[in-house]
Amino acid sequence: MRLGLLTAAFPRLSLEKVASWASGNGFEMLEVACWPAAGGERRRYAGVSHIDVARLDPAKVREVLDRHGLEISSLAYYPNNLHPDAGERRAANAHLRKVIDAAAKLGVPTVGTFVGRDK
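Numbering (the working numbering), first residue to last: 1 to 119.
Since the hints were derived computationally from the structure, they do not count as laboratory data. Keep in mind it's a predicted model, so treat the numbers as computed, not measured. Backbone N, C-alpha and C define an ideal beta-carbon position, used for all residues, glycine too. Check before you lean on any hint, since a few could be wrong.
Quick list of in silico lysine-lysine cross-link-like pairs, DSS-like style, CA-CA up to 25 Å [as the list claims (entries may be wrong)]:
no.: 1; residue 1: Lys-98; residue 2: Lys-60
no.: 2; residue 1: Lys-98; residue 2: Lys-17
no.: 3; residue 1: Lys-60; residue 2: Lys-105
no.: 4; residue 1: Lys-105; residue 2: Lys-17
no.: 5; residue 1: Lys-17; residue 2: Lys-60
Here are the computed distance ranges between Cβ atoms for each label pair [what the hints assert, rightly or not]:
no.: 6; residue 1: Asp-52; residue 2: Glu-88; range: 17 to 25 Å
no.: 7; residue 1: Gly-26; residue 2: Ala-94; range: 31 to 39 Å
no.: 8; residue 1: Leu-3; residue 2: His-83; range: 31 to 39 Å
no.: 9; residue 1: Asp-85; residue 2: Glu-63; range: 33 to 41 Å
no.: 10; residue 1: Asp-101; residue 2: Leu-3; range: 21 to 29 Å
no.: 11; residue 1: Ser-23; residue 2: Ala-94; range: 31 to 39 Å
no.: 12; residue 1: Leu-3; residue 2: Thr-110; range: 19 to 27 Å
no.: 13; residue 1: Arg-12; residue 2: Lys-60; range: 33 to 41 Å
no.: 14; residue 1: Pro-84; residue 2: Gly-26; range: 39 to 47 Å
Kindly generate the complete structure, drawing on both the sequences and the hints.
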């Protein structure tokens, strides 16, 4: 088992700074916050984005994580996909699709990938 953390707990730090702190404190994995840039006033963690999935540069993200010896366990975005307002629901689902695409581009492991794997 590897120790990781959710980057949303560090809303004012860049991915670089979170990665540096996490690595320096014995963490090996990051669940990286990927909320849309706006909306932080409405929900806990909303607006925290350590990876901007709309303008993703996979090489830059990998470089930061590799430099600090970290892996991504998952990308974090937890909207209300069944929101009663159709516009909010569409926006949440559209952003979620971007997060899923970003996970694929970054090579984020799928369920079961970590089982039995040694570092």
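Hint check:
no.: 1; hint: Lys-98 to Lys-60; in the structure: holds, 17 Å
no.: 2; hint: Lys-98 to Lys-17; in the structure: holds, 24 Å
no.: 3; hint: Lys-60 to Lys-105; in the structure: holds, 12 Å
no.: 4; hint: Lys-105 to Lys-17; in the structure: holds, 22 Å
no.: 5; hint: Lys-17 to Lys-60; in the structure: holds, 14 Å
no.: 6; hint: Asp-52 to Glu-88: 17 to 25 Å; in the structure: holds, 20 Å
no.: 7; hint: Gly-26 to Ala-94: 31 to 39 Å; in the structure: holds, 37 Å
no.: 8; hint: Leu-3 to His-83: 31 to 39 Å; in the structure: holds, 34 Å
no.: 9; hint: Asp-85 to Glu-63: 33 to 41 Å; in the structure: holds, 39 Å
no.: 10; hint: Asp-101 to Leu-3: 21 to 29 Å; in the structure: holds, 28 Å
no.: 11; hint: Ser-23 to Ala-94: 31 to 39 Å; in the structure: holds, 33 Å
no.: 12; hint: Leu-3 to Thr-110: 19 to 27 Å; in the structure: holds, 21 Å
no.: 13; hint: Arg-12 to Lys-60: 33 to 41 Å; in the structure: violated, 20 Å
no.: 14; hint: Pro-84 to Gly-26: 39 to 47 Å; in the structure: holds, 43 Å
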